[in-house]
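**Q** Taking the hints into account, I'd like the entire structure generated from these sequences.
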Amino acid sequence: MTTMIFKPTEACNGNCIYCDVVRKEVTGDNTLSLERLELLFVRINEFLEARPQERFQLIWHGGEPLILGPDYYEKAYRFQETHCADTKGRISHEIQSNMTLFSPKFVEIFKKLGITKVSTSYDPIPNIRGLGKTIDSEAYNKNFLKGIRALEEAGLNWAMIYVVTRFSLEKPLDLFYFLTNFTPDGSVMFNPVYFFERQPMDLAITPDEFVDFLGEIFKVWWPHRDRYPTIQPFYSLVRTIVEGQPSLICGESGACADTHISLGPSGTLSQCGRSSDWNLIKLGSLDDTTLEEAFAAEGKQTLRDRQSVVCEGDCAVCRFWDICHGGCPLDAMADTGSFMNKSPLCVVKRRFIEEYLEPITGVRYEPGEKKEAAAPSHPGTRPPRPMRPYMPPPPPERITPGFRAAVDDVWINPIGGLGDALMLSGVLKAAVDQDPKRTFKLIARSQFVSVFSGHPALTEIGHPEPGSAVIATAYWDDPDFRSGQMRAFQVLARLFGLPTPVEERLYLADNRGPDPALIDRIPLRDKNILIAPSAGTPRKEMPYDMWEELVRRLIDEGFGVIQPGTAASRHIRGAYNLRGILSVPEAARLPGHVDAVITSASFFMHAAHLCGTPAVVLWGPTDHRQYGYEGQAHLQAHRTCDPETPCIRSGRGPGYGTPCPMGPDHCMRRHDINAIFSSLIEILEKTKNIRRPANAPGSRPAR
Amino acid sequence: MSSPNLVCPHNRKLFDSLGRQLITVRVKDPEQAFVAARNVRESGNRLFSVIVDTDHSLEEIDIPDDWGGISVALFIPRMGRFRSIRRKLERIRRMKIRVYLPCDDPENITSLQVLSSVGVSVASRIIQGPHLWEPLLDLMTFAILGPAPHSPIDPFVFVADNFETGGSVDWRGIYFEDPKEFFHLDDKGRVALSHHELINEDFIFDDPSDIDIREENPEYRLRTDPRERFFLTDHPCSRCPGWRVCMGAFVQNGAPPEGCSEFAAELLEVVEQYRGMRGAPMEKRS
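Heads up: the sequence lines are chains A and B, in that order. The first sequence: position 180 = 180 (the working numbering), numbered continuously. The second sequence: position 104 = 1104 (the working numbering), numbered continuously.
Do not take every clue at face value.
Taking lysine to aspartate or glutamate pairs in the EDC-like style, the calculated list, with each CA pair at most 20 Å apart, reads [claimed, not checked]:
1. LYS1180(B) x ASP1202(B)
2. LYS1180(B) x GLU152(A)
3. LYS1180(B) x GLU548(A)
4. LYS146(A) x ASP1234(B)
Every beta carbon over 10 Å from chain B, so not counted as near; a handful from chain A, in silico [to be verified]:
5. VAL21
6. LEU101
7. LEU145
8. ALA154
9. PHE178
10. MET189
11. ARG227
12. SER247
13. VAL449
14. PRO501
These aren't lab readings, by the way, just hints derived from the structure by calculation. By construction, the Cβ of each residue, glycine as well, lies at the ideal position given by its N, Cα and C atoms.
**A** Below, the structure is given as structure tokens:
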């Protein structure tokens, strides 16, 4: 991806004490003209047309970019629509703003441009960031708060960049807690204050001081990294060193010459934001230089050459080369007057890793490919270690070569959730009913053992010898399932050789329900509903405030409401709480003790089918036509996100445990409580005289 | 913006003047609870809950049958002898009653645990001091991590259930004290943002209709936006490790009480330990 630091203006309403831009001598235009703005999109389009695989990220920067007003952004959008008709899908916009000028007027155009998050800065220390000659931080902070409140009300997000100055060094933890408490999701990036040519002693910090500042925070962050997941630079360093997934920022990638470019207000192309602020590495004027030409300019070649010079010189024996590449060339220039030296801030990284990160995490960084790197793409340069993009795990081999030949001793590798296990159990029962001699073994996965214990199709639950015939149950990788042509149950049935379509009966060998003593204690009413809000993934869950509203409605209408689930699932106020006290078989039989089930598309949908209890099932990202059972009421919320990017389907594993990125537009929020309630009444009426299947618990406790 | 919940005294005239509002009614006499609830409903308003704020212990209160259809928040000073309430337990469990006990006395903290263990929903009144932090820490740990089945002990279970990584939880609503949701009215319809302020006649609005335009009131915004209140000033709560599960709830007269920061930080640790049980297996499909 190519990133452009786009500085359409150097004007700013702020007067932050460390800012180079507001102190910069104005030599050209202060704001990019509309003619040049239009030309920019012409240039981007020709650049992307020549690189069909490339994406282009435009980071609006300044000065203060909001000073331009929403109309300027509207014009940018129009130019993009006009000149990038075929490439606009590969252009993304981000923005860095002080937020003091943000108002609801920006919301619509931000959304049009796809801007969902604003990077901003704040400093609780007075008179560091402020307005006007007096650097009035009180007025700045009030406007800042007003801005982020408006941003949040529009459903947009923001993240914090904090600049560490001498004033910050006194109480690192106080600052850390303040900033993480203040930001909505606790994301903060700590950067040292940078200066070029001037070194105000009351503000500047040494690299060692920055290391110790970070070190104090890291001691607290590491044991609580789940609480504050994206604190930079810790997050990237831990991903790179501890998790082995290189996550390098521009200055340490060694590739910034080929990934970054900037555009200033007078149309000057430069390497990056800082080089633009400092009037370094000019690559030509937008007026007569294409982006392709800018990337081939001499200044870029200097940076590429730097890689080999630094690698063979200053950094020759450094074990951190792979994750540093000599550091930011602008830092080197600021400190030594030459790009061909390593960054003075390399001490920050090295000392931080050696004195804090490695001892605290217990993980020592071992360089991987420094000496074995592939031939450089640019003569005389060592290419940066390529960043590993996310690759979904390879689909499991569903049928091993030995499977067809094997009659017995085929091992089943059960994959998925408990609902999948109930389906598999039903398929195996059908298989063994059809041919009683046909038996299998099951690879022991602790969460499934209780589902399959005593299953007549299984002779063993354990661990196979190497080379055993194994059949995996990842039905979601089947082309017929992925194309929507076959239901999950039918794919599984076909996998085990059953003629399809087959009747979809679930099976659970353990037919003991919940302990009668427990059932007796539940304050059941005349009609009782089991609710199951949790689904293993937040993407399939209706928001909890809606569940609470539903439960209130049910109770007001005289229903008893019980909620099973795992101990750590969320309790819905008003529901009788059975979370965490039932085994899987007990939970699977619980629907047999209520009149109906209202559930997300999860285990309890299958359990309701197992017990023959009517169910209202709330669908969103998954399709009821592939999982839902006949006779159940299926309420399908239509997805609001791009249908071409299935959010939790096969190959989308990492999205499974994370909330829907659509926020308030999450499809599950489109469910209507009245519709759910009406469906419940309807299904209760419809099914009140239908007998339960033979394998469902037939008796209910007296009420 | 959530719809306002008006906490009112038992005053039919006041109810009639409000019309179609969500109302919580506060009474002192347990025997008045049902009548107050009926009056709210008959006035065309919607009943949220009845607060019975009495000086009697649970032992001394007869739980009437007519509480069956209403949600009751029973604010009492102490439980009383357990053997004397034994016979009421079944009735309490089958009704929508939550028992609130102050936590300035070790005996009350034990009582909360006892009641929870026998299936009664309880809440410790930890907004008010003085606080016995050590016994409260034990109670909190039992409430969230105790493996034996027990009824919720709030606010701890509420925090544990509602906290998400990266987020924060405001639990003052349990005590009808969340100024974003609860508005405390006197007989004349004047509005305060907490029961304490109501008693001190520290009103923010003179008329309930002002609640509809509350966001335009700078003082209201100051009181309800914790960032304005705690982060634009040099307030110690802004730097507290436990902020995300407290949000300044313990602050009295502008300052946090001693020990609350350590308590909130420990609460957050326990909640995270509890939430860690949840997991999110990457391969789950259905």
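**Q** If a hint holds in the structure, say so; if it does not, say that too.
**A** Hint by hint, here is what the structure shows:
1. This hinted pair checks out: LYS1180(B) and ASP1202(B) have alpha carbons roughly 17 Å apart, not beyond 20 Å.
2. Proximity of LYS1180(B) to GLU152(A) is assessed by CA-CA distance (about 17 Å); at most 20 Å being required, the pair is judged to hold.
3. Distance hint between LYS1180(B) and GLU548(A) is fulfilled; the C-alpha atoms sit about 18 Å from each other, no more than 20 Å.
4. Distance hint between LYS146(A) and ASP1234(B) is fulfilled; the C-alpha atoms sit about 18 Å from each other, no more than 20 Å.
5. With 10 Å as the threshold on Cβ separation, the claim that VAL21(A) sits away from chain B holds: the shortest Cβ distance comes to roughly 26 Å.
6. Consistency note on LEU101(A): stated as away from chain B, and its beta-carbon is indeed over 10 Å from all of that chain's, at 18 Å minimum.
7. Interface exclusion of LEU145(A) from chain B breaks down, the closest Cβ pair being 6 Å apart, not more than 10 Å.
8. Every C-beta of chain B lies more than 10 Å from that of ALA154(A), the closest at about 14 Å, which supports listing it as non-interface.
9. Interface exclusion of PHE178(A) from chain B breaks down, the closest Cβ pair being 5 Å apart, not more than 10 Å.
10. Every CB of chain B is more than 10 Å from the CB of MET189(A) (nearest about 15 Å), matching its label as outside the interface.
11. With a minimum CB-CB distance of about 6 Å to chain B, ARG227(A) fails to clear the 10 Å threshold, and the non-interface call is violated.
12. At roughly 19 Å from the closest C-beta of chain B, the C-beta of SER247(A) stays outside 10 Å, upholding its exclusion from the interface.
13. At roughly 16 Å, the least C-beta separation between VAL449(A) and chain B is larger than 10 Å, which holds for a residue marked as non-interface.
14. Every beta carbon of chain B lies more than 10 Å from that of PRO501(A), the smallest distance being close to 19 Å; the non-interface claim holds.
Figure legend: structure checked against the earlier numbered hints; hints not met, in rising order: 7, 9 and 11.
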